[in-house]
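Visitor: This is what each chain is made of:
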Amino acid sequence: MTNAVTVTGVDKVFDTKAGQVVALTEVDLTVSPGEFVSLIGPSGCGKSTLLRLIADLETPTSGTVEVFGTSAHQARLDQRYGIAFQQAGLLPWRTVAANIALPLELTGMPKSAVAERVEELIALVGLGDFGDRFPDQLSGGMQQRVAIARALAKKPELLLMDEPFGALDEMTREYLQTELLRIAAETGAAVVFVTHSIPEAVYLSDRVVVMSPRPGRIAEVVPMSLGSTGSRADDLREASTFFEMITAVREVLHGGSPATTARGVENR
Amino acid sequence: MTDAATLLVPPRRRRAGRGARLRAAVYGLLGVVALAVVWELYKWLGPVDGLVAGDVRILPRTSDLAMPHVWDMIARMFEPVTRAEGARVLWLEIVLAASLTLGIAAAGWVVGVVVGMAFALIMQRWLIAESALLPWIVLSQTVPLIAFAPLVKSWGSRIEIGTFEWQDWMSVAVIASYLAFFPVAVGALRGLQAPDRLHLELLHTYSAGWWPTLVHLRLPAAVPFLLPALRLAAANAVVGAVVAEVSTGLQGGIGRLVIQYAGQASGDPAKAWAPIFGAIALGLIAAGSVALLGLLAKNYRRTEGAS
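Protein sequence lines correspond, in order, to chains A and B.
FYI, in this note's numbering the residues of the first sequence are 1 to 268.
FYI, in this note's numbering the residues of the second sequence are 1001 to 1307.
Treat the hints as calculated values from the structure; they're not laboratory data.
There's no promise every hint is true.
What the hints assert, rightly or not - Below, simulated DMTMM-like cross-link-like pairs (lysine to aspartate or glutamate); rule was C-alpha separation at most 25 Å, straight line: (1) B/Lys-1043 - B/Asp-1064; (2) A/Lys-111 - A/Glu-157; (3) A/Lys-154 - B/Asp-1072; (4) A/Lys-155 - A/Asp-78; (5) A/Lys-17 - A/Glu-58; (6) B/Lys-1043 - B/Asp-1072; (7) A/Lys-154 - A/Asp-78; (8) A/Lys-155 - B/Asp-1064; (9) A/Lys-17 - B/Asp-1196; (10) A/Lys-155 - A/Glu-58; (11) A/Lys-154 - A/Asp-56; (12) B/Lys-1298 - A/Asp-129; (13) A/Lys-155 - A/Glu-170; (14) A/Lys-17 - B/Glu-1201; (15) B/Lys-1298 - A/Glu-105; (16) B/Lys-1298 - A/Asp-132; (17) B/Lys-1298 - A/Asp-136; (18) A/Lys-154 - B/Glu-1201; (19) B/Lys-1043 - B/Asp-1055; (20) B/Lys-1043 - B/Glu-1085; (21) A/Lys-154 - A/Asp-132.
Stated by the list, open to error - Beyond 12 Å from chain B on every Cβ pair, some chain A residues (computed): (22) Thr-6; (23) Arg-150; (24) Thr-187; (25) Val-221.
We treat Cβ as the ideally placed atom computed from N, Cα and C, and that holds for glycine.
Could you put together the complete structure from these sequences and hints?
Guide: As structure tokens, then:
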């Protein structure tokens, strides 16, 4: 079976006024279809850059990025992935339904089919009665659900998420994490998820990719032995296995010495 | 819809109060009344011959010739234009002249908006076009209208295509559009460049090209910038039309009446003010009509922010 994502020997160097900045060096990563992989690490470790390379929003300085066996560029043109950012990024003049419909309209899908699909998606993310609301009438958590629905509009087999819950309060965040696992299981999509929260990464992922900064690289890939992601629920957050996994990730993050805290990583 | 999700819903947005709008109207009216009061107070208290320091007049004369009473100006509106038999009442003459000018200004506004939008689109599409065109667009507004209005008229008079013949009012409309296109070009350019990087990248991930990005993102995002630009363009078109009527000598418009009645001011000082009020009303009507356009586009003035 073709991997959802194959990153091979990727370096990324940014040219800035202050000189060259090495964002990523020698990154290798594969994501299987349907797999949930989180990228975690302190600020400046290049986790967002890696996601943007997969999305073809940046191009690697060297190395290759493949998505479903084609180049990342071709995969973007074919729209093989859906994407969500930290800001929901909804168009303020469009209603919830119209925002979700946008990627579908752009493909020239007939109106009735768009309406039908939008209705499905609104139900999927639990936005029932809010289709005709405008983004400024929604809370941050609801905006983020709309963004997820929009990312799922074209039934992508890959979902790229860049700290989508980063700006939300803890309650909303935990709630949406469980929702995301349900949605990912229902759609069977692979997910690459950037976060700086250790519990979030552990709760969501099949594997947690721990990255370290200066230069950005993959320190270690930690598999989560917590059962299939689709079967996880909130009681897992209080299980001893959950805390074991958190400890495992934390120790890699801190380079084996639990006394020092990596900057930019939340331990809560 | 689950319970937790329902809790996340903020109350519906508060609509702008009707009271606020009423208050704005009252303040506007008070401003006009205040102006009339200041005028009359100065006329009453100021020196009849004004104040002259050396050769420079610092304060204007307060004679009835220089500063007619406000009520005389208003009363004059309801008297006939001339003492000739069958002369129209003055306000009607002003309204007729003003509607001619309004029509010309509207034509100029439409041309100006189209040209301004075209410039903005070209400048947004090609960065090099922005560097090449923008300085000239700014420079264009420094050319004195009085200087080139007669030129436009003489160029126009040479245009004759088949049965189409250039009319004098078209020269006036062209000059009006020359003033109107500027705020549109500048405002629309800023608006088209306004979308967040996030939104642009999102459209990029949909592999949307320039045209879909323009239609679905740049144009809607430009609306809040475009509305004040269109209003400014309307006011500019009126000013351009009035000035161009004067300098091309077009008959029948409000610009012509300003000059004509000013010439009669020594015998009929209040009459000269009538076309001035007409021109002011014209500007208000033009800007107000564009403001109505804004009501149609109110969803495009929403912001993204969660409350």
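Visitor: Now tell me if each hint is right for this structure.
Guide: Each hint, compared with the structure:
1. B/Lys-1043 - B/Asp-1064: Distance of about 9 Å is within 25 Å: holds.
2. A/Lys-111 - A/Glu-157: holds (23 Å)
3. A/Lys-154 - B/Asp-1072: violated (72 Å)
4. A/Lys-155 - A/Asp-78: Holds. A/Lys-155 to A/Asp-78 sits at ~12 Å (cutoff 25 Å).
5. A/Lys-17 - A/Glu-58: The given pair, whose Cα atoms are some 18 Å apart, holds under the 25 Å limit.
6. B/Lys-1043 - B/Asp-1072: holds (13 Å)
7. A/Lys-154 - A/Asp-78: This hinted pair holds, its Cα atoms lying about 11 Å apart.
8. A/Lys-155 - B/Asp-1064: violated (80 Å)
9. A/Lys-17 - B/Asp-1196: Answer holds: A/Lys-17 to B/Asp-1196 is near 23 Å, not above 25 Å.
10. A/Lys-155 - A/Glu-58: holds (23 Å)
11. A/Lys-154 - A/Asp-56: Given pair A/Lys-154, A/Asp-56 holds - Cα atoms ~18 Å apart, limit 25 Å.
12. B/Lys-1298 - A/Asp-129: Given pair B/Lys-1298, A/Asp-129 holds - Cα atoms ~23 Å apart, limit 25 Å.
13. A/Lys-155 - A/Glu-170: violated (29 Å)
14. A/Lys-17 - B/Glu-1201: Distance ~23 Å between A/Lys-17 and B/Glu-1201 Cα, so the pair holds.
15. B/Lys-1298 - A/Glu-105: Holds, at about 23 Å.
16. B/Lys-1298 - A/Asp-132: OK: B/Lys-1298 and A/Asp-132 at ~16 Å, within 25 Å.
17. B/Lys-1298 - A/Asp-136: The hint holds at about 13 Å.
18. A/Lys-154 - B/Glu-1201: The given pair, whose Cα atoms are some 17 Å apart, holds under the 25 Å limit.
19. B/Lys-1043 - B/Asp-1055: Holds, at roughly 22 Å.
20. B/Lys-1043 - B/Glu-1085: violated (34 Å)
21. A/Lys-154 - A/Asp-132: holds (21 Å)
22. Thr-6: Correct as stated: the minimum Cβ-Cβ distance to chain B is 19 Å, above 12 Å.
23. Arg-150: violated (9 Å)
24. Thr-187: holds (18 Å)
25. Val-221: holds (26 Å)
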